[in-house]
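Here is what each chain is made of, one letter per residue.
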Amino acid sequence: MRELVDGAELIARGAIDIGCSFFAGYPITPASTILDHMLRELPKTGGVGLEAEDEIASISMCIGAAMTGVKALTATSGPGLSLYSENIGLAIMGEVPLVIVVVMRLGPATGGATTVAQGDVQFARWGTSGGYPIIALCPASTAECYTLTQHAFNLAERFRTPVFLLTDKEIVMMRASVERATLHRIAAVSRARADPSTDFLPYYEAQPAGVPVFAPVGDAQHLTRFTTSTHDERGLITRKPDRVARLNQHLSEKIEAHSAELEMVRNDRQDGARTLLIAYGVTAGAMQETVRHVRTTGGTVSQLVVHSLWPVPEQALRGALAGHKRVVVAELNSGQYRQEIERVANTLNPRPQVVGLNRLDGELITPEQIERAIDGRDGN
Amino acid sequence: LSAPLTISNWPSYRNLAAGSYTFCPGCGHSAILDHLHAALVSMQVDPHKVVIVSDIGCVGMADPYFATHTFHGLHGRSIAYASGIKAANPDLHVIVLIGDGGCGIGGHHLINAARRNIGITVLVFNNLNFGMTGGQHSVTTPYGARTATTRGGNLERPLDIGALATVSGAAYVYRGTSFDKDLPERIAEAANVKGFALLDIWELCTAHYVPNNDYSRSEMLELMSSLGMHTGVLRRRDYPEWSAAYREQAATVAGQLAFGAGPITPMFESPISAPTRIVLAGAAGGKVKSTASLLATAAMRCGLCCTQRDDYPVTVMSGYSISEVILSPAEILYAGIEHPDLLAVITQEGLGQVQLLLAAMDESSTVYVVPELADQVQTRARKVIFKPLPKKASRKTLAMLALAAMLRDTQIVPLAALVESIRTEQNSAIAAEQLRAVELSKDLL
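From first to last, the protein sequence lines are chains A and B. Letter 251 of the first sequence, counting from 1, is numbered 251 in the numbering used here, and no numbers are missing. Offset between the second sequence (1-based) and the numbering used here: plus 1000.
Simulated from the structure, these hints should not be mistaken for lab results. Take these hints with a grain of salt, some might be off.
[Stated by the list, open to error] No farther apart than 20 Å at their CA atoms in a straight line, the calculated lysine to aspartate or glutamate pairs in the DMTMM-like style are these:
#, chain 1, residue 1, chain 2, residue 2
1, B, K1049, A, D199
2, A, K44, B, E1248
3, B, K1383, B, D1362
4, B, K1396, B, D1443
5, B, K1049, A, D219
6, B, K1289, A, D36
7, A, K325, A, D242
8, B, K1181, B, E1219
9, B, K1396, B, E1439
10, B, K1049, A, D195
11, B, K1392, B, E1372
12, A, K325, A, D268
13, B, K1391, B, D1362
14, A, K325, A, E256
15, B, K1383, B, E1338
[Stated by the list, open to error] Some, not all, of what chain A presents toward chain B, calculated at C-beta under 7 Å:
#, residue
16, E9
17, R13
18, P27
19, M61
20, T68
21, L90
22, Q288
Where is the CB? At the ideal position from N, CA and C, for every residue including glycine.
Between the sequences and the hints, there should be enough to build the whole structure, so can you do that?
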């Protein structure tokens, strides 16, 4: 049985079904309908949703709420992500489980409010000072908005870190007939809680790649300290080089050491194919349409949909790239993810040729364009 | 103090391991923090129910001295973190420690937290300049005052934080100094207010403001007086606190979620065997989007897959409105339309937006156009010019008239399916108009 639904509603449904009970956001096209859905539905579930005075307040409120133990969500687009930047760094530093939906639209700056683009891929990755790993999932269809939102919450809880759902105007605003059976509900993961009967240190982890156990602000047994400053395991500011180094090693390793477990791709290799197509988000739909057409007309081509953009799914990419002569990375920006693919390609011998198929005029990359790029008929 | 210390269950809210304060000699911060501690002792509130939220500046070094929950965040954002904490857990006493610098960069949060009347208590450590970064001027630096960034005298007038909180709607506003003997009682009083409470506490920055301006306690009091910034409780009023009001309102809607229209049961049949790409080109406010949705769900009532993309200017009720709908027996992977099979030109605004599509259409496709725009449509596609529209047809039903006529012409989706969608998905007033449009559409061909 199918229903007609858009990505915004499925993001909201995914969030509520996985236990999200707090949302704060500020209106911005094309993310506003997520705000609307969450503020309409959260009161019915016993959760709290509010429209904040600006984007800085939105993410600040989510961070405050998340540290009381709830699962929090916010949603914005490029201009709002700019304003989130400083607090994303705080959420990484303070180890805050949080899901941030970024509905990409054409930039820079105000750009095109109702125009599709995929230009915030590297911005999401490097958008905070200090430069620490982040996790970003990217739905390639309306239905995947539901499942990947749930995964994003589980990863945020497991690693106590902000997780991006990096999506685009088309995926969020387009309506589609979605088969209900494809809306998979997954089991909820919750952050590990401190044992009430033992001593508690808010930022202690036995191994650098571990994650500290959590006691909420307001906990009845343990007093907790949250801080944005470089801190020791007690949550107190420190400048001791060994503690500083340990903290920074921890913030990197807790994600990087688990990057292989975070890989989410759909690898569709065709034997004998010379070219591998790679895409994500709305562009992956056009790519899949291309591949369907090529194969039904007797051609051969491989494709890879990337669902976990960050960390870069390097193992899966190496496996997918190997054996292909040509790799085409299609994206609605000037080649932001292609540089990651090239980095992986450089580790292969023989190294496949990596070319980009890019569009920045506010229109979608079409299946015809991708088909022409398979054998370089587009001149690349 | 109201609660005698002799029966105290919580004799101390201090984190003794943090040692003594590291503030400069004579800095008002030490005194205010002592007063806050005394207030907590008098309140006898479980420290597990207290969270002290601070941000950046010398006051941001305060939280380690307390054995409560503490939260130390970014410059000027403490009020926003505190609002999130209170909204999520209204049982907590949420106490913000912020400087005059924080009130500047985070002024928007102060205004809106007061306006929202969320139940947090804000202690402003107002020493008239940025102490930590070298004595630069802040939003509260008096006119003419000398600071690291106003060597020739400050050219800006000082912000009255107490007045700002008052006009913004705070439930409780107090102004005093770090020297006030009754400050513990005022802090406890503010913390027991259900809504937003703010204490604008003036104090001395002995490292910078005092030496740069020949300033002391007596000058401070004279300055407050000359600025008309009165001391004492400035405002007390009883509004519903946000977190409580939200929960009260939420209780009235608790229960069943109202997401979406739900699944659609196929009960009709469509003859199409390949994707059919349909574009409706009309004007905003002309129900183009909702008509396209009804086409989509009518197709789903025939077991078809569909996608719908809408394009319109940022304004909602003026300009063009274009909806693209693809119907297909198989899953639709790409929702863009470069070569429409069917395109309905309903208004001038819509026509202006579909020139590229018209140019891309060939003899296998069909353009439907209202008679007054027929001459403007140049295309290789088969052109169906509607007969003059019925006089009774309102602007809001043009899209439905065009769609229903298109379905009569192509038979790709039975009208009965469209009628079923209208009856099921539209409210009765709109449904009546649209059902009439479906009926009238027979006269268009």
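Problem - Hints violated by the structure (listed by number, smallest first) - result: 7, 13, 14 and 18
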